[in-house]
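Use these hints to put chains E and B onto chain S, whose structure you have.
Here's the letter readout for the chains.
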Amino acid sequence: MTDRKRSILALVLVFVLALAVAASGCAKATTQGGGTATSSGPVKGGTMSYYIGDPAAIDPYNAQETEGVTVVHQLFTSLTAFDPMDATKLVPAAAEKWESNADATVWTFHLNKADTFSDGAPVTAKDFVYAWNRIASLKTLNTATKKVDPSTISYHLSPVKGFDEVQAGKATEMSGLKAVDDLTFEVTLAKPFGDFEYVVTHPALAPVEQKLVEGGVDFNGAKVAFGDMPVGNGPFKMAAPWKHGQYVKVVRNDAYYGTKPYLDGVNFMEFKDPDTAYLEFQSGNLDMAQISLGKIKDAQTKYGTSDDGYTSNPGKQVLLGAENSTYYLVVNNKDKAMSNPNLRKAVSLAINRQAICNTLFEGTRAPADNIVPPGIAGYEPGVWADSKYDVAAAQKALTDAGFPGGKGAPEIALTYNADGGHQKVMELVQADLTKLGLKVKLAPLTDFPTYLKALGAGKFQIGRLGWVADYPIFDNFMNPLFNTTSTDNYSKYSDPKVDAAITDARKITDGAARIKAYQAIDKTVGEALPDIPLMFYKHHHVTSARVHDFVFSAMYLADFSKTWLSPAAK
Amino acid sequence: MVQYILRRFAQFVPVFFGVTLLLFFITTLLPGDPVALRSGEKKLPPAVYAALRHSYGLDKPWYAQYGDYLGSLSPVHYSSKAGLQFTGPDLGDSISSGRPVVDIFKETYPYTVRLALTAIAIEILVGIGVGIVAAVRQYSIWDTLATLGTSILVALPVFWLGLMLQYFFGIILKQWTGGAFYLPISGASGPVFADWVHLILPSVTLASVSTAYAARIMRSQLLEVSGQDYVRTAFAKGLGGSAVLWRHEMKNALIPVVTFIGLDLGVMLSGAILTETVFNWPGVGLTIYQAIGRRDYPVVFGGVTLVLFVVLLVNLLVDISYAFLDPRIRLGGQAEG
Amino acid sequence: MSDDLKAVEVTDGGVIADVRPPPGSKPPTDELRRAAESRGNRTLYGDAWYRLRRNKLALGALAWLILLVLAAVSADLWVPQHFGKPNAIDTALIGTSRLLPPSPTHPLGTDDLGRDMFARVIYGARISLTVGALAVLVAVLIGILLGALSGFYTGWLDALIMRFADVFLAFPYILFAILLLSVLPEESRASIVPVVLTIGVLGWPSIARVFRSSILSVKENDYVDAGRALGASDGRLIIRHILPNAIAPILVYATMSIGGAILTEAALSFLGLGIIPDPVRSPNAVSWGRMIDDGRMYLTSNAGIVLWPGIAILTTVLAFTLLGDGVRDALDVKMRD
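Protein chains in written order, with our numbering: chain S, 1 to 570; chain E, 1 to 337; chain B, 1 to 337.
With the rest of the complex left out, here is chain S (with noise of 0.2 Å):
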């Protein structure tokens, strides 16, 4: 008897445990509705829910990958913003007039008097000074962990004047920072670098008060890690800590200086992927998300496209403008076979870009034609002339590279990482060069922390990466690509000339001057192909039927500023 009863209590005990937890739980997030309507058009208030992936950092002096830089750029506003629809136009921020000397190694940033804190406090040159030497010191403490944790994206100040020095862990500040006075601060480079005022425009290199970054943010009583509920001077500050894997909820700063957002706020979604946070958008449940890829024609069709790709409005609410990063195949210059040249343009020239971007990504990617993409300012189409289909180009070169129809060329090996989702793009690839008569192997490795080994040892005759713009300019592709000194030069290109030309043209303060002077060592490279660009990335999201005039830059950057909610809840 009682070993029945017991049987059964024991049964449903299991099954009513389970019930309860998995009822258990937090309510659900719901999209807030917008304010009142008073009158058709901007209408202030509501909270734009937004989709981004787990940030590894929203402390700007650690904001690397996109997710953190696009809470960062909310939060803060740095020296220089520049217009998200047009990437020449650099337009003032945080400093209200700047100037750099004849030979562009000394820049002087005015900063703007208005621009205060979002705790009031003022924004003065010392901020920007201590903001810096903490992303360029070995030392810097994660303020969460307090382990030392040093920032990875250091790499922005390297131009300034003593940044090796902190670097090689001689210093603890770079000499080239100065705070001349409470408004005026003045950077000194290391050798010449006309483009600065674009670098600056970088999220991580705002200011922070270091008084908070030391002592922690103070909330509801207790104190917060900075790195958590970071204080910024951008039109949004942080409504409460980050709860890590969850979400970032921001809202409007009130006391902000520039033009105040209509959004009351915005919940910054964590999603660790990003086909579910399309299902939640579907669902009702999020104002932007990334379409997943074998949904967009049915998104286009539903939901209506923008007009410009970039600004999305109710009914044209999917967006598909050209991004700024390049996916390329990085060619290894030193290997025997690929070093010759000829043979790399009949690679180049027997790819069938157009048919990868149709099949594999329906159209949110373009063919490549320029190993910068459109969005960098100067950018020319065809600059970089084999970077096209052309079957019958691609046989002559060939023949040029002394393998007429393939004959007596050797094995090339395609390498890549196995789970980055380039096999199908790796085997379209290999399909065009097996056409052209060439023998080509794939060589996936496991995963991406070995293919960067490998890459890195230059164990690999052509692989594949993909380059993303910091800031929209020429020198941000030619030089870490291309330049014999640079770190980042994998298909370890070497040109004494272009070296040259590259240090020339940053020694130009005039921007179009600087341009010209670029796009021709843009043309140059192209000549030489030393690596084969594929696709520019293009963006494939949507916004919700209720978000107005929200701008997503080519740089992959929110732009709220306009964005406003129509009024009705959902």
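Derived by calculation from the structure, the hints in this document are not laboratory data.
Glycine included, each C-beta is placed from N, C-alpha and C at the ideal position.
Check each hint, because a few of them may be wrong.
As the list claims (entries may be wrong) - A short list of chain B residues far from chain E (calculated; beta carbon distances all over 10 Å):
#1 Arg53
#2 Ile66
#3 Ala75
#4 Lys85
#5 Tyr153
#6 Asp166
#7 Phe171
#8 Gly310
Said to hold, decoys possible - Label-pair restraints from in silico Cβ distances:
#9 Gly169/S with Ser74/E: 30 to 40 Å
#10 Val193/B with Lys60/E: 32 to 42 Å
#11 Trp62/E with Pro101/B: 47 to 57 Å
#12 Ser74/E with Tyr153/B: 31 to 41 Å
As the list claims (entries may be wrong) - If you want the footprint, here are the derived chain S segments under chain B, 3+ residues with CB under 8 Å:
#13 353-363
#14 444-454
Okay, now just chains E and B, sitting in the frame of chain S:
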């Protein structure tokens, strides 16, 4: 009884060391570097790289790291300032995100637990139920259906079942589930996983194959037991079918079933990577899997340690319940250990 | 069971639970024995074969498998000509030939790169069957060796080997597979060797335990004592008397394990860890699990890409399971010690 439990504990210790040492050893063979990974294609300056590696203890030889790891497991910490303190095991910080490993698992483990418990509940109810019905009505249509059904379930790839269920409920049954694929019932969601509706498909998928096994075991056990003498005696004494079933047959038949379900619970609590991948369920399995891909060693070691202890606990509970069900053990008999 | 695809048998400290659902119909053993005796057929395997022949389900399964093997082996003769090459890609035609619905030229439609699905499914059988069989072979070889050592020379060797087995079994299965596959040299991703070795190495503990148990039980039997009394050496005892009887459970286990190995290979391929075929150098290498992973994003528009490989896996594994059931019933293996 106590002896039995202690003996089980004693068996666990070498297994724990064996598994963790093996794990450490294998990870030393893994090519790739978690620190270099943080900046991706943009190479870190050598000094920063060295500083980060030092900060995470990666520049120590693997046996020193193993020692550190063992030390970190201790829930008690001694510091010269505060003396002996109970702080709970430390397990270090994730290399990719800098967050304490303990926090990461505090976040993800509940999802795995929720999924596992629901799946086990299904397994118990449906598995045992179907097994009983099939045994009691042997050779009937129910029995045939059950045998065929369980045979098919056992042969299914679990991840494929998950995808097919998503397709079926999300696309084919669009009308009834109220929309397309993007429904909560497809099991996918973000930080808002709380709705129990999200659990349906993943837990059914996870439970499916095990339920089939459980049903098969239950059925064969009952059939086996029904041929025993004491059952015949019970019938001879005049007891009805259901009384015999519940009072006599189930207790004995249940033993291997409970063992199976218990072990299965252990397995599910170790994180069901396949189900989690298909449904984007942010549980422990997915966390560890992604950590391996990023060479995030503290998360991998922390996760495997956690899982080991949980499985130990579950196995122990199974053994104890085994003891309750089998009087031979309870009363001090021998069970092979 | 659940994600980890371990064998049917549940082991707990050496006691193996019997899982024996009878197939469709099963004539009483006594009758068979009488019939066999009247024929003068007295060997274990002769009896077994006779019983197997009577088991319709098992025969059906065997027939299906033979058909599959023949289709896969002979594929070069008839598949490319009528349906298309399994791995060939033509970027010029890809726009119009991809994601086509079923038609007379493409009975199962085409995949997202324009390849015929039917051809891919047929060729996929090669890898699945080969990996399944070889992996089980590896596991059986290692398992028998270690199990025999354990079963014969009990004592510290037994304890050591069993602890070793415990460590392997305590490691979360898929994680262990991921780690092993991540460590094996990269050049071999296109070959089946890493996957075969991984699944084999992960499978030996169960086989070792089964073999050990059956050796332990056989050792006790009278005919062994008799043999020893007649002066037979250890070696002769092992080969002539113990092995043939102890092997029976292994045969059953192995047959069923092939199904499990196929499922594991599919799971690993689904996670992206399995064989990564090079379409040009291995024009016929296709993995069912990979097909399911590749087709995942087209689930909403073209479920066929996911459906057919899954059904292929299902029917193949089911066939092995039914066959295994049949073999077990035929050998009348009780497997309880």
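Q) Of the numbered hints stated previously, which ones are contradicted by the structure, given in increasing order? A) 6, 7 and 8
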